[in-house]
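Put the complex together from the two separate chains, hints included.
Residues per chain are reported as follows:
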Amino acid sequence: MASLQTFAAKTITDVQSFVQNNSQILPSAGASKPALTTTADNPAHLELGELSGILEYEPAEYTFTALAGTPITEVAAALAGNGQYLPFDPPLAQHGATLGGTVAAGLSGSGRYRYGGVRDFLIGVRFIDGQGQLVRGGGKVVKNAAGFDLPKLMVGSLGRLGILVELSFKVFPRPQSYATLTVPYPTVEAALGGLQKATTARLDIEALDLVVERPDGQHTVPTLWVRMGGLESVQEQRIAQLRQILGAGEMMEGFVENATWQAACEFSWAPDQWALVKVATTPRHIQGLEQILSTTKALRRYAVGGQLTWIAWPGEVADLHKHLTALNLSGLVIRGATNQARIGVQTGQVFAQRIKQALDPVGKFLAL
Amino acid sequence: MPSTNLISALTRLFPAQRLLQQSAQLAPYESDALTAFHARPAAVVLVETQQEVIETVKLCHQYNVPFVARGSGTSLSGGSLPIKEGIMIALNRLNRILRLDPAERIAVVEPGVVNLDVSRAAAPYDLYYAPDPSSQLICTIGGNVAFNSGGAHCLKYGMTANHVLGMKVVLPDGEVVQLGGESLEQVGPDLAGFFVGSEGLFGVALEITLRLLPKPAMYRTVLAAYRSLEAAGEAVSQVVAAGLLTGAMEIMDNLAIQAAEAAVGAGYPKDAAGLLIVELEGEPVQVEAEFAHLLQVIEITNPYEVRVAQDEADRMRIWKGRKSAFSAVGRLSPDYIVQDGVVPRSKLGQALAKINQLSATYGIRVANVFHAGDGNLHPLILYNGREAGALERAEALAGEIIHMCIDLGGSITGEHGVGMEKLQYMASMFNATDLQTMTNLRRAIDPLELANRGKKLPDGEAPALHLHGPHPLEKLGLISRE
Ligand SMILES: Cc1cc2nc3c(=O)[nH]c(=O)nc-3n(C[C@H](O)[C@H](O)[C@H](O)COP(=O)(O)OP(=O)(O)OC[C@H]3O[C@@H](n4cnc5c(N)ncnc54)[C@H](O)[C@@H]3O)c2cc1C
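Listed in order, the protein sequences are those of chains A and B. In this text, residue positions in the first sequence follow this note's numbering: the first is 1, and each later residue adds one. In this text, residue positions in the second sequence follow this note's numbering: the first is 1, and each later residue adds one.
Careful: at least some of the hints might be erroneous.
[To be verified] Example chain B residues on the side facing chain A (calculated, C-beta under 7 Å, incomplete): (1) LEU184; (2) GLU185; (3) PRO189; (4) GLN286.
Think of the hints as simulated: they come from the structure by calculation, not from any bench. Note that CB positions come from ideal geometry on N, CA and C, so glycine has one too.
Next up, chain B with everything else stripped away, as it sits in the complex (with noise of 0.2 Å):
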């Protein structure tokens, strides 16, 4: 076991409180947000420096034990799930802000940083932070790293990769290399926006510099509710038919409706099928002046009730609804599995009418709440975990979902990444040509795979939690000896 002389080599480099090994102290790092997997680490390090990452990583390298990087555990997919007997590096502590720069627009931050914090800080310079995960009040910027994450106000200005300008990052051989810089423009490839939603098998970001924006002078808002979820999304393909260049666009079904009004009462129409929330943002004159065409649009779509949120408290409290919506679904039901895919925005209609049918052939209750804006669906899909094959019934559901999103010419995760949730569909979007060539840059980067193995490419070694045969390090080192 090559752990056994990692672990002493690790003792040396870390106090006993912040090298976890007890079987209670490793128990809550044994699954991420997708519950359903858990896999037990040889250790978890509690890193507060820079250099304790780069040391970690070196020492893993030299005894060829595979690590996974982790920031708050909210991965849905099974990207910060351990791997069985590898090492585990909490990122949580490495959590200062090193720089803000309001003349320059940009935040030169730690992994660890809680994406919410940065705009926390920017505040006092009237600047944000615009990537906005529904979980941004505890997941990290290392994390939105790792998957592109995406948020309700990404229609405009984009994901975390658009608003990544640079990285520090150790490479998982423990080399450490800058990638891009300060400014918006580079020379050469794009460097650090390749390294974005790469899911740590590229290594660890250790310093990440991002990119502030002015917060918008103005917000309008408004609820449209809809007597079918098609409707809804039907609008939506009106409102970006229209040329209207929103800030956010937000479906949820009747089902999330109920959910997010019993846990927040954010005031939504409870009988709707289908609520579409529309904000716009910007300059108040330009904002006011399309407001008015937003409506116009919206009320040729035949809603049966709108309303536009009348102060920032009224808006604050749409949001929360919606930012809510997951945890809220999940007072409905003793599991779920929140499902992520990408259909084209002018197919969403036919697409929510799809699962709608599929819900009820497979009598599963699905919830829909999702940025219909970019056409990204989170289907939640209920189920009892306690009920013998609900799990696989509900996986064969959102696998059936996932098929229709790429048969609709989408795609099979929008923000939530690959993990390992996804890896039996990587094959049904790429060709063996794509899927080898990302895995000959994986091993040129990565030659012994130890950085998040078994992860986001599906010719990587199998998960670790049903791993038995020998070591997957043995077989591969077998394959690069041939």
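Extracted from the complex, chain A is given alone in its bound form (with noise of 0.2 Å):
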């Protein structure tokens, strides 16, 4: 086994002896994010998409386990069977990102606006480190305070500190139905108004995204889009008091108001051949990114009410990377030619770097 460079782990102990038997191993599932499973070295490749399976749903406790390599699509459909929901939005679920690749990358979608991230619904995870040991962390129930966070420590690790296996996770009751209001604005300065306004509203929004598209594009006008959710018999009133705080807005509802933000999950409006690159920002980073990007061809997402900035970016990553060292920002290419996922700056290394110690004393995984 060892000599393999590429080997599907069916089992958790597969997983445990291909750690053992190797000496660097890069994890992956579902393909749905490639740059994170390019590298200039050469590890061996471990496949975890058949490590599979929902093995725990307890549909009235609100919380499912489930095996790593799990599709999203499987587990959002085993919960829509209960009416409930992811409520992070994972995205990619239609490219085949699994459970553990949205974890290990630490992804979660415009939907994360209203209760939170991939963060905050993770409650429990199994992880093989690297001496090939099983370990657990967190657990089953919702609130938990016994030992270290590390269901936390593992979100956005990247396969660099520990390989997934099992994942528990709390879900809630999906809103019963969905509108969305786009209010279009003259200039991305006056959509910024709109998103205030609408971050600081006493409401309760589901998603809250800015879209801005390239230049010489169809859509040129930056346009705000607020999903509501909740009781279908309310959903009228709610848009139309939302519409009054924003004082303009179209609404969308049913079918194509679905398709349209489960479009935007799975980045529809980015070329295929383009990186495609989270960046953690807030509201106040936009104007000055907008500053750079709109002299490109770049196309821009500014979600999670400007705290999720999505950018396809047709150049070299190189260059996005200065540009986002210079504002201070990190950044996370999922997509697109680099072999340098983690791009612009990077903080609390020292700490980072210690638990890298503890966790993979031997370097099996990739460096942090």
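Structure (structure tokens):
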């Protein structure tokens, strides 16, 4: 087995022995975020797509446990059967994203606006550390303060602190219906004014994205997308109230509304050949980013009230890295030609390296 | 005694009135809210600046002396119990709100800021800080971070960890790092999230960036009274199963009701065996519609009385009763243990029946008041510390409750932390590899195990209160030299 360059694990024990028998390991599953499994090194590839399946799902408990390679689509279908959902809106489900990959990449979608991201819904993990040991952190109940919060640590760890094999999540009841108000603005500055009104209003907004298309494209107008979820009987009233606050807007409902958000979650707006980059931001970063990006062909979507920026980047990733660094921002390349997925600035390295030393003392996984 | 040299170094750093060494000065710091335990530190420093914390930690590291950070000392698990002959860093005066940015919806605070003061400062902007431990009038954000504290209103938007975006911390060797930032999102491992709940073992949080939420436009609150405590527990399962996402869902038993009534006159039905408080929050049209549904679900659970809060004053009265319940129960008994465990929500009825049965078997009164919506039990075990063996029997009962939580698939603590109190139960929840991994993490971050030594991890050194033999550091030194 040690000689194999790619190995598909079927059991947790498979993962353990693979880690023990190889000197450098790179895990992957759904291949929906290829930039995260590209490296200049030459590690042995561990495929986790077959380590799949929901192990426990107690609808009355609003929690489930599944193997890490389980596709998001499978989980979403099981939850939907009971009127439940993953409120953090995991991206790229139709592209094959798995639970483990979503946690390791630390990715949430636009829907994280209301209740929180993947970090807020993951309640338990089991992972294989750099010595091939099976380690558990967290638990299967929604509240738990015993031990260090290893589930949080694994969010965004990119398979570099351990290989996730089993995950427990809490879930929520899915809103009965959705409606979206789309509000066009003449400029990004004006749109940011609208965004600010929406984020501070005493409303329960489900998702809030500012979509800025390329200047020469079809949709030239910066547009706010504001999604409301809840009881069907009161949706129209709520949207009317929202329209009053924002001053204008078109209401979108039903199949089209749903398909529009789903397309956003799959990044259908981003050309396949371009790099796709996540950037952690706040609204006040948007003007600075716009100054740079509006002079390029880059497409951008300021999701989650301006907290989660997605950039489709046609040029060299190294150039974007420079821009982000200058703006003191951190980015993660999830698609595109690079072998350095983390770009821009990195904080907390001293702390992170000590953690890496404890979990992966001989460096079986890629450097953090 | 290494601390003598350290003390003289500290004398150069702090004026005498902020470096406490006299018995009388140290007495208030000898225990936290787990009052059964005491230990005397070598000194307490009352820090006023972040730099003083950093310098103190550096000196402790240099002289190999353990330290404990302390907020308001309301820990119920012995988390802020001093280490005998160690240094206590009291953070109450490090309490400035450094920045409150309503547009970005964040507050950057020092660790000694009192929880409720954040919401007070945010109120003019119609914003608030969501986690609301019952101790929120006195407990600090630093303490909340260390324990990932929760509160009655943590069902929808989560506990402290869900509201901490970033932190500046001093690691146990004096190195200062920034974890996370100001965005809800981040790239790389969630280091800020990992620090939250580490119970002071990873160092001292110096500056914390908190997320603020818009104040809910409306609350609707209902009380339902039941003839048995189990029935109230079953009702919680029903509300959860109905798909209602409530803002808060709390239960009190008769003993707790009596105590709260005597203390603050909350207007609870006094003869209820179990009282359920459910609150919905959000946009008025949505809340009203959901509230109608909630009342239907509650009706099916057969309460003998249902009361809806009529106005804000009525609502505040209900919450005042709930939030003062711990201290109110204190009037019923000279001493009590506040237990903290978690069971799956669908097993609440079962768990409460078992607690009742254990209480009868031990002949010890147990009051129950807890965060039912997330299965977080807080049995209050009443005893008289002056009676021989009473504390031990109360602890034995507490232990049985904790084992029940584990057997039902829950946890040994929901929000009060392991501290010292739960050390003995860690091995029932985690296996040897899990525990060793946590110890490895701790040692990688703090090789000398200076920060809050003896807490949270069971294989840590024995707590200082019965420290006789060799100094733990000598033992540790031997281990690391091998
Ligand atoms: C009446 C009462 C009601 C309570 N209700 C609740 C409740 O509803 N929910 C809940 O979760 N808890 C509750 N608690 C428990 C307690 O209030 C919380 O644990 C609180 O967060 C402790 O805050 P503190 O400022 O008192 O911290 P302390 O007790 O002083 O310290 C707690 C821990 O935090 C560490 N610490 C303090 N500051 C820092 C820092 N800056 N950096 C790193 N570590 C630090 C200490 O070393 C210690 O381990 C209650 C307690 C009481 C007495």
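Now the hints, each set against the structure:
Here the hint on LEU184 of chain B is kept, as its CB sits about 4 Å from the closest CB of chain A, short of 7 Å. With a least beta-carbon distance of about 4 Å to chain A, the hint placing GLU185 of chain B at the interface is held under the 7 Å criterion. The closest approach between the C-beta of PRO189 of chain B and any C-beta of chain A is roughly 4 Å, which is under the 7 Å cut-off, so the hint is satisfied. Against a cut-off of 7 Å between C-beta atoms, the interface hint on GLN286 of chain B holds, since the closest Cβ of chain A lies about 5 Å away.
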